[in-house]
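Whenever a hint applies, use it, and build me the whole structure from the sequences.
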Amino acid sequence: MENKTLSALLTASKMTLAGIIACIFSFLVPWTYSFWAVISVAAVTRPGLTHTYLKAIARSAGTLIGAILAYLSFWLAGHNALILILCFFTIISLVSYLSLQRSFLSYCGIIIGITVIIILSSSAQYEPITTIILHRIIDVLVGILAILLVNILLRFFFQKNEPVKENLKMEFLSNFELLFNWYENKYLIKTAIAIGFTASLTFLPWLYLKYPGGFWVTVCCLFIMEENIINVKEKIWLRFLAHVLAAAIGAISAFLIGTHQWLTLIPLSMTFFFCGYIMVTSDVYGKAANTLAIAVCIMLLSGSSEGTSLTITASRFINTIIGLGLGFFSTWLFISRKAPPPHLLEEHEHLR
Numbered sequence: 000m001e002n003k004t005l006s007a008l009l010t011a012s013k014m015t016l017a018g019i020i021a022c023i024f025s026f027l028v029p030w031t032y033s034f035w036a037v038i039s040v041a042a043v044t045r046p047g048l049t050h051t052y053l054k055a056i057a058r059s060a061g062t063l064i065g066a067i068l069a070y071l072s073f074w075l076a077g078h079n080a081l082i083l084i085l086c087f088f089t090i091i092s093l094v095s096y097l098s099l100q101r102s103f104l105s106y107c108g109i110i111i112g113i114t115v116i117i118i119l120s121s122s123a124q125y126e127p128i129t130t131i132i133l134h135r136i137i138d139v140l141v142g143i144l145a146i147l148l149v150n151i152l153l154r155f156f157f158q159k160n161e162p163v164k165e166n167l168k169m170e171f172l173s174n175f176e177l178l179f180n181w182y183e184n185k186y187l188i189k190t191a192i193a194i195g196f197t198a199s200l201t202f203l204p205w206l207y208l209k210y211p212g213g214f215w216v217t218v219c220c221l222f223i224m225e226e227n228i229i230n231v232k233e234k235i236w237l238r239f240l241a242h243v244l245a246a247a248i249g250a251i252s253a254f255l256i257g258t259h260q261w262l263t264l265i266p267l268s269m270t271f272f273f274c275g276y277i278m279v280t281s282d283v284y285g286k287a288a289n290t291l292a293i294a295v296c297i298m299l300l301s302g303s304s305e306g307t308s309l310t311i312t313a314s315r316f317i318n319t320i321i322g323l324g325l326g327f328f329s330t331w332l333f334i335s336r337k338a339p340p341p342h343l344l345e346e347h348e349h350l351r
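For the sequence shown, counting from 1, position 106 maps to 105 in numbering that gives the first Met the number 0; every step adds exactly one.
Among these hints, one or two may not hold up.
[Stated by the list, open to error] Think about it this way: if two alpha-carbon atoms lie no more than 30 Å apart in a straight line, the pair counts; the simulated DSSO-like pairs of lysine-lysine are:
1. Lys286 to Lys185
2. Lys286 to Lys3
3. Lys232 to Lys185
4. Lys232 to Lys3
5. Lys232 to Lys286
6. Lys189 to Lys232
[What the hints assert, rightly or not] Pair ranges (Cβ atoms, derived):
7. Arg154 to Lys185: 37 to 45 Å
8. Phe155 to Tyr210: 25 to 33 Å
9. Tyr284 to Lys185: 20 to 28 Å
10. Asp282 to Ala80: 40 to 48 Å
11. Leu8 to Tyr207: 47 to 55 Å
12. Asp282 to Val243: 36 to 44 Å
13. Leu332 to Lys185: 16 to 24 Å
14. Ile265 to Phe156: 22 to 30 Å
15. Leu332 to Leu262: 42 to 50 Å
16. Thr129 to Leu332: 23 to 31 Å
17. Trp74 to Leu240: 25 to 33 Å
Derived from the structure by calculation, the hints contain no laboratory data. Just so you know, even glycine gets a beta-carbon here, dropped at the ideal spot from N, CA and C.
Structure below.
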C-alpha cells in the first residue's frame, strides 16, 4: 500500500510540475494553439518511466505523420471540399485500422487521426497551414520534453523497484507483423471503414457551417469507436464523467478567474495532481484520468489571453456529448460485436 501511495504521489507530482512548465510556455509564446504543449503533458503522463516514454514516442511519431498527411490532403484538395473529405475518409480509415490494434501502435494511430483533424480544422479557419503545422509540432515536443525531463529527475531522486520494460524491439516487431496479417484482421478493416465514414459525416458539416468546436464531435468518435460495443459503452461512460467534472471545473474557473490568465495555473495544477493520483490508485476511474486532464486544459486554456470562457467550456462539453451519442449509434449500427476474436484475447498493453 505504501509503495502504491508513493507511486501515486510521484505520478501526481510529475504531471503537475510538467503541466506548470508547459503552461508557462503556452502563456509566454504568442501563437494561438500553444496550449497544446500542456495537452501533451496531460495525454502522455503514465505511472512509471516506460509507459510515459512509449506514449511520448507514439505521440511524437503520430504528430509528425499526421502533420504530413494533413498537409498533403490540403495540397491535393485546394479549395475543393469533396476532394478534402475523400482524403479525410481515406486517412481516418487507415489510421483507425492502426488504432484498433491491441498494442502501443494503437495510440500512434489515434494521434495521427487527431492531428489531421486539428490541423485541417484550424486551416479551415483561414490560418496558414504551414504555420499551424510548425506550431503544432513544437507544442507537442515541448510538452513531451517537459514530462520526460520531470519524469527522469523524479526517478533519479526517488528510485523505484519497477524495472524499465525490456524486449520493446521484439514486441514492436511482433505487433508490426500482426498489423499486416490481413486475414486475422479482416474484421478490423470493416470497423476502420465504419469509423472513417462516421468521422467524415461529422466533419463535413463543420467544414461548411464552422459552428463552434464542431470538430470535437469527430475527435470524440475517433476516440470511442471500436469493434467491441462493451468497451465502447465503458469508454462513453468514463468520458462522460470526465467531461461533466471538467465542465464543472471550467464553469467555476470562468466565474472566479475570468480573464486572469495566470490564475488558471491554480485549477490546472489541482486537476493535474488529482488526475496523476487516481491514475495509480483507481483501476476504474484511473482510465479517465488523462481524458479529464485534457478536457480541463482545453476548457481553461483554449481561450488564449482572454482567459477561461463559459462559451468554450459549453462548446467542448456539448460537442463531446454529441460525439458520444453519434459514436455509440454508429458502433451499434455498423460494427457492434460482443467480444474480440480469439487472437486478440491475449494480454497486450493497450495505451489508448
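Going through the hints against the structure:
1. For a cut-off of 30 Å, the pair hint linking Lys286 to Lys185 stands: about 28 Å separates their Cα positions.
2. Taken as a hint, the Lys286 and Lys3 pair is honoured in the structure, with Cα atoms around 16 Å apart against an allowance of 30 Å.
3. A C-alpha spacing of about 23 Å is found between Lys232 and Lys185, which places the hinted pair at or below 30 Å, so the restraint holds.
4. Note on Lys232 and Lys3: the hinted pairing holds, with a Cα-Cα distance of about 29 Å set against a maximum of 30 Å.
5. At roughly 13 Å between alpha-carbon atoms, Lys232 and Lys286 fall within 30 Å of each other, so this suggested pair holds.
6. Only pairs whose Cα atoms come within 30 Å are accepted, and Lys189 paired with Lys232 is accepted, the gap being roughly 20 Å.
7. For the pair Arg154 and Lys185, the supplied restraint of 37 to 45 Å holds, since their beta-carbon distance comes to about 43 Å.
8. The hint said 25 to 33 Å for the Cβ distance between Phe155 and Tyr210, and at roughly 48 Å that hint is violated.
9. Between Tyr284 and Lys185, the C-beta spacing of about 35 Å breaks the proposed range 20 to 28 Å.
10. The hinted range of 40 to 48 Å is satisfied by Asp282 and Ala80, whose Cβ atoms lie roughly 45 Å apart.
11. Between Leu8 and Tyr207 the CB atoms are about 49 Å apart, so this pair conforms to the stated range of 47 to 55 Å.
12. The hint said 36 to 44 Å for the Cβ distance between Asp282 and Val243, and at roughly 20 Å that hint is violated.
13. As the Cβ distance of Leu332 to Lys185 is approximately 20 Å, the hint placing it in 16 to 24 Å holds.
14. For the hinted restraint 22 to 30 Å between Ile265 and Phe156, the CB-CB distance of approximately 26 Å keeps it satisfied.
15. At about 45 Å, the beta-carbon gap between Leu332 and Leu262 stays in the expected band of 42 to 50 Å.
16. Separated by about 39 Å at the C-beta atoms, Thr129 and Leu332 break the suggested range of 23 to 31 Å.
17. For the hinted restraint 25 to 33 Å between Trp74 and Leu240, the CB-CB distance of approximately 40 Å leaves it violated.
Going down the numbered hints, you'll see the structure goes against 8, 9, 12, 16, 17, while the others check out.
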